[in-house]
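Participant: Sequence order for the protein chains is A, B and C. Going by this note's numbering, the residue at position 301 of the first sequence is 301; the numbering climbs one at a time, nothing skipped. Going by this note's numbering, the residue at position 239 of the second sequence is 239; the numbering climbs one at a time, nothing skipped. Going by this note's numbering, the residue at position 288 of the third sequence is 288; the numbering climbs one at a time, nothing skipped.
Bear in mind the hints are in silico, worked out from the structure with no lab data behind them. Every clue listed holds true.
If you want a taste of the chain A side facing chain C, the calculated C-beta under 7 Å gives, among others:
{"hint": "1", "residue": "Lys225"}
{"hint": "2", "residue": "Leu227"}
{"hint": "3", "residue": "Arg316"}
DSSO-like mimics (lysine-lysine), calculated; alpha carbons at most 27 Å apart, straight line:
{"hint": "4", "chain 1": "A", "residue 1": "Lys159", "chain 2": "B", "residue 2": "Lys280"}
{"hint": "5", "chain 1": "B", "residue 1": "Lys52", "chain 2": "B", "residue 2": "Lys280"}
{"hint": "6", "chain 1": "A", "residue 1": "Lys159", "chain 2": "B", "residue 2": "Lys575"}
{"hint": "7", "chain 1": "A", "residue 1": "Lys163", "chain 2": "B", "residue 2": "Lys575"}
{"hint": "8", "chain 1": "A", "residue 1": "Lys90", "chain 2": "B", "residue 2": "Lys228"}
{"hint": "9", "chain 1": "A", "residue 1": "Lys71", "chain 2": "B", "residue 2": "Lys233"}
{"hint": "10", "chain 1": "A", "residue 1": "Lys71", "chain 2": "B", "residue 2": "Lys228"}
Sample of chain B residues lacking proximity to chain A, with all beta carbon distances greater than 12 Å (derived):
{"hint": "11", "residue": "Gly131"}
{"hint": "12", "residue": "Asn139"}
{"hint": "13", "residue": "Pro182"}
{"hint": "14", "residue": "Ser184"}
{"hint": "15", "residue": "Gly221"}
{"hint": "16", "residue": "Thr338"}
{"hint": "17", "residue": "Pro402"}
{"hint": "18", "residue": "Gln451"}
{"hint": "19", "residue": "Ser452"}
{"hint": "20", "residue": "Gln455"}
{"hint": "21", "residue": "Gly458"}
{"hint": "22", "residue": "Pro525"}
{"hint": "23", "residue": "Gly536"}
{"hint": "24", "residue": "Asp556"}
Yeah, the Cβ is synthetic: ideal placement off N, Cα and C, and Gly gets one too.
Residue strings, one per chain:
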Amino acid sequence: MVRYIIRRLLWVIVLLIVVSFVTFTIFYLLPSADPAVLRAGRAPNPALIAHIRHVLGLDRPFYVQYWRYIKAVILHFDFGYSYQFSQPVKSLILSRLPATISLTVGAVVIWVSVGVTAGAVSAIRRRSFLDRFTMIGSLVAISAPSYWLGLISLLLFSKDIGKFHIFDGANTYVGLTANPGRWFGSLILPWLVLAASLAAFYARLLRSNLIEAMSEDYIRTARAKGLRERRVIWRHGVRAAITPVVTALGIDIGFLLGGAVLVETVFNIPGVGRLAYDGIQNSDLPIIQGTVLFGAFFIVIANLVVDIAYAFLDPRVRYT
Amino acid sequence: MVRLSRTALAPLALAACTIAVAACGSSNNKTTSGSRSSTPAGLSLSGLASTKPNPSAQHMGGTLNVISAEGWEHLDPQASYFQIDYLVVYATQTPLYTFTPTSDTPQPLLASGPPQVSPDGKTVTVHIKSGWKFSPPVNRVVTSKDVAWAFERMFNANVQNGYASGYFPIVGASQSGTTDKPISGISTPDATTIVFHLTKPFGETMAKALTLPGTAAMPAGSTVAADKSSPSKLDSNPTTQTFTGPYMIKSYSPGRQLVLVRNPNWSRSLDGIRPAYADKIVWNAGADPAVAARQTLDSTNLLMADGPPSPELKLAYQTKKSQLSIAPLGAYYAALNTTVPPFNNVNLRRAVLAIENREAYLLARGGQLVGEVATHFIYPEVPGFQQAGGFKGFGEDFLASPTGNKTVACKYMKLAGYPNCKYTGGYGQYGSVLIVGANTDPGPQEMQVVQSGLQQLGFKTTIKAVPQQTMYSKFCGYVKAHVNVCPTAGWIEDFPDPYAALFVPFSGEAIVPINNSNWAVLNDPVVNHLIDQGAGISDLTQRYQVFAQADKRIVDDAAAIPEVWANNALVEGSKVHGVLDPWNDDWNLSFSSPS
Amino acid sequence: MSPLLDVRDLRVSFHTEDGVVHAVDGVSYSVDTGRTLGIVGESGSGKTVSSLTTLGLTRSRSTTISGEILFEGEDLNTMSADRLRRIRGNEITMIFQDPLSSLHPFYKVGWQLVEAMRTHRSIPKAAARERAAELLDLVGIPDPRRRVDQFPHEFSGGMRQRAMIAMALANEPKLLIADEPTTALDVTVQAQILALLDDLQRRLGMAIIIITHDLGVVAETADEIAVMYAGRIVERGTAEQIFNSPQHPYTWGLLQSIPRLNTPRGQELVPISGRPPSLINRPSGCFFHPRCPYVREAHKRIDPRLEAVEGDPGHEVACLLEQEVRSRIWRGLQQGRTPAELAALAQPEAVSQTGQAPSLAEGPSA
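Sequences and hints are given; from them, build the entire structure.
Facilitator: Listed below in structure tokens is the structure:
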């Protein structure tokens, strides 16, 4: 197992280098805006543009630019400077990370508890009203675009612009250490919106897997042993059906840590996703590179963690 | 040109005529009283928010809350060149002159009186007020050397100022170096006098350009270390600036939040112009525009610094008119490349102008609320608009019909050598007419309007939709790309003067290979001369006359299809008094008050 | 002594979208302490359903159950679910066909045994674990202390079934029901498992019901045998009675289809033609008539009852053929004749005309 993990970690590094190269190339080749020109404003002054290009290192050949970038990343963990904000990319991303983590963690707790419970109840009481209601509701929640859902939730429930003044509205986020009460209150709606479609997805996933698991022979054995039905469902059925859920969970967490752009935008949460979006809008290559690499890193690590967890969950799986 | 906020340039795509507006669709030309307050025809502006200063009703104190979708680009006054940035810079710094919410002639701010321009237009002398202090910890009085230092910073390439060479043709000044070095053409005979020696008779126009934020004084010698970085550290870390305005930047989180507090060393009586009501200004950026607009409308005390998206604009117009303001913004046109086939022939260009349905552009952008069909290139909020024909324009036959006129078009096609009214000639490197526009609304619609007109005249056309930034930097602004038509060209003036409206977009002298804003690549010696000439005239009536002639010549050259004279909309909370700077089309934080 | 388990006229029907499935249609059997009952039949005969019903595992809204299931005098059919649960896995246990899929793949074998124990009695975990190891030892698993911490997939097929048996024995049941315990195993392992069950019964004194489709499996171990077809018992008796003088044509078919070592080479196995009937639309008259080589017209209309076999107390059969006819046919089958050849013997004309069945030499009469 240890050899397996080490091997995977080495692949992580290779993968991140490939990702950074591809991002760099895409940015370089596709006709996006010229960052030097953007920074200069609409100035009729070619000398200034040339100067800015030189400062940003854009006058060097493509491979030189890439080499300088990747060297700085690997040797000094330095991700360069944002074209737009002129601040180190690393500190920008790290300053945004707590918000993204806050958003992710809270949403995870909600969607896992709601999704697993709803899925289990639906599977056990198949074709009941509750089951049908949950499945149709989850279909709606999955289909609803999160941006729209965010807007609707604000228009219905936020204290400032909503019909019912219940939750804190957009732009109220503060850090956990600054004001825990406000931090929590500002995140309730975003958590619910983010968790909505995911809870729905997990409910459906668990439901179908649990239905399958409950028809397995070991469930019949468990019942024949005289176990209480609740124990049969959870300890035997859900325990078996949970594996794909855990796999999906790991990947979803990894993905969200890269930034949930739409939810962060609607609620104005200063997370990594919004930073990435701004970077793209402004052709800010260092930010784009930085957020892409962070996002890729989280996803790849999440994949690794999930694979390892899988081995613990399912003893039949062995890694060499 | 001032870079607009993104939401202003990607404008209000309302469904036309969904708002109950009188005379929707027609363009009866109302005359206007004063160029600034020109009313777009057919629009009911009654009941909208008053955005003028109202000293008897505004109260001192409190916190002003600003919200925006856009963040700040450059907060260094010597680099600042974007609409949103100006709100901060004009509240924290003090240029020599300024336009105010009620006057469109430059008022002396740091200066003590009007600039003295020599008869030959090549010398400008400015006296500054005595006793104006820098903010803590510098604390000392501002001198002429500090003003000179501001100019030296503007010409330091590291500071990345975008307009210095264009508006300040000072002897010995060039943007090629990366240090704050003395400029030979600036002299400071005493502590309150600065003299500028120019390379050409540009004094009158430069006098107006002295309202730009780059002229805000900085303590001489204090920024050498900061200016070694590019952009300067004053830009990436604006809390380290020294301030001369009513407010100071207390905290700054890039793209997220800005807090301004009062500058204890600022004197209201010395300033004489800015009332500075609020004690504190908190600005949260990075909001979602739809959410922010609603929050603003539902609030008592928010100001939204960028425009609301169209559904919220409609909501405001229908239910909260007293919190909405609509004012003229700038002009949109479709530039025709005059240097490459097929539009290097003036009669062909006139034919195109004749056939185009310019009302369709207005509808594509949203109809009456958004503006007027344009007829020439000096637009309603620019002084000199009336002299340039006002809303009617110069009366050329190829612009007489806002919906297009095939007969007139065919007349010009014949003149161009195509008697059958169909183009059969050659094309440039693309083998057809290449039309490049923004891929966000209303770019695609506008490109289709252009295309349908061209196709009626038998032109082969190709459409390319790209992101807005790409359009600027790699196609329409890049001369070598030889794009034939750029239908989403737009312009606002840097300061209210016809020079600022015409020079960069239409003068041959403003053409640069990259980042070009003269998208028609027009280089008509007559136009160039008229603009140059007008720049040197101080008598306003004469000045405006000459620019009107330049405008007419540009129209006759058919360098571009005049599309829309656009309005800008802003929303505010119910109790806050938002005061607008018409020339920037955005709030003035020193004049607005929380209550 | 009254039987340990006494099933009386059990009927189990499942209401499905396609119709009512009559899985068990009036079945009665019993088993005494220390005895082994073998229930034999094809899939769909109702043998498994009747056992599952005993444990209450078929109870649902779409199931109709009637009849009595008396366990030590108490009717399990009318018992509350909770009380029944306390008996299940405790006094009556069941093991199933495929031990790999019947054991939970994610839990250690020892853990599953401990769970079985701690469900029905309060016993500290350490003690339960100790007992789990003992049980594994009891069923003949080598190195039981190490095996207790292993997962099912680390056991071989035979060992897994032994572990299942160990789990079923954990609470010292009075009745063990084994549903196809050897079907998924190699032939050699089959024999070991059957021997194990036999041995455990002698040692622990419990009753066993073995359910199987293979008569060969119960040949050595069963005391009594019940043959089921289409939800009914068609023949019942002691193992000797069934093997020495089987009465029902279905039973003959089962016996004939067992491969034997002493069968002459080249002689084909004689399968029972046709397939098990639909339990929704059952055949008219005698359920077996569509597949019976000896069917008469009347059999298509008359539904036979279980009746005693003359001269053989305790032996019952549900067949409309006369006993004498049956004896002849069976003798013929034992001599190697095919059912087709013997079919004529069953015809009424052959009997009535001459007063006796035609001689075998003549073949079917004209």
